[in-house]
Amino acid sequence: MAIRPGTQKRREGILSLLKTGSWTISRLADELETSESTIRRDLREMSETGEVIRTIGGATAAGYVEPPLGQRMEANAEAKDAIAAAAMDHLGEGTVRTVFLDAGSTTVRLAERIRDRRDLTIITRGLEIALALAHPMGPKVIMVGGEVSTMSHGTTGALSDHALSRLHVDVAFLGADAVDPAKGLGEPTLDEARTKELIAERARHVVVLADSSKARRDVAAWAPLPEGWTWINELGVHGQEEG
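In our numbering, each residue's number is its place in the sequence shown (first place is 1) plus 2.
Worth flagging that the hints you see were computed from the coordinates, not collected in a lab. Each residue gets a CB set at the ideal place from its N, CA and C atoms; glycine is no exception.
Below, simulated SDA-like cross-link-like pairs (lysine to any residue); rule was C-alpha separation at most 20 angstroms, straight line:
| # | residue 1 | residue 2 |
| --- | --- | --- |
| 1 | K185 | A217 |
| 2 | K185 | R204 |
| 3 | K11 | S39 |
| 4 | K142 | E130 |
| 5 | K21 | R218 |
| 6 | K21 | R43 |
| 7 | K11 | S49 |
| 8 | K21 | R56 |
| 9 | K21 | Q10 |
| 10 | K11 | A31 |
Simulated DEER-style distance windows between Cβ atoms:
| # | residue 1 | residue 2 | range |
| --- | --- | --- | --- |
| 11 | A184 | G96 | 33 to 43 angstroms |
| 12 | R43 | D118 | 51 to 61 angstroms |
| 13 | S28 | I144 | 35 to 45 angstroms |
| 14 | D91 | S215 | 16 to 26 angstroms |
| 15 | S37 | E80 | 36 to 46 angstroms |
With these hints in hand, go ahead and build the complete structure from the sequences.
Below, the structure is given as structure tokens:
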């Protein structure tokens, strides 16, 4: 059956938006000035033709993938350096002993700044971070096992969850694809979100390291964070209650 011109134009608009990442149904409806029920119907039919992939509460374009870590390392380099410098304030001498350092392009910048902190024990799920810190004069490094993401080079899955559920850390530095003061941090997959939620539950203090472009993005899954968490971006340090 032929698709009406108005429907075809709307679906082209949906696909254009989804090529930038995951979008929720409500956000698509607002952006395209139509109803959520119309968007749901469009997404259902577009998923049947293979144009889109449905996610929880939304969708993403079938050809969209998270940019690989190497590419993300080069993006917003100045912002990431500023964030890493500010994060050092949460690693005061003698007050912090055990640190979780998440996989990601911004947390790698922090790892480079603490290569000589022999007073620290660093727990990480990031391959690059473990390699950066594993030298004779550096901190003690514990690598969390699991399935390795081809995009983030971080571990997730049952083995990772098992290890994380038995850990306690003074501070956890987490990366994020999206940040929202109410929702917490967002990720492209449920596994990534679940992993970050787990470690956040095991940390005395949670610090999210993410530049301001990550504010309130549409993503597939959200990890709620405990009260009192902090977000550091290139504009400064923000408490949970701030936007």
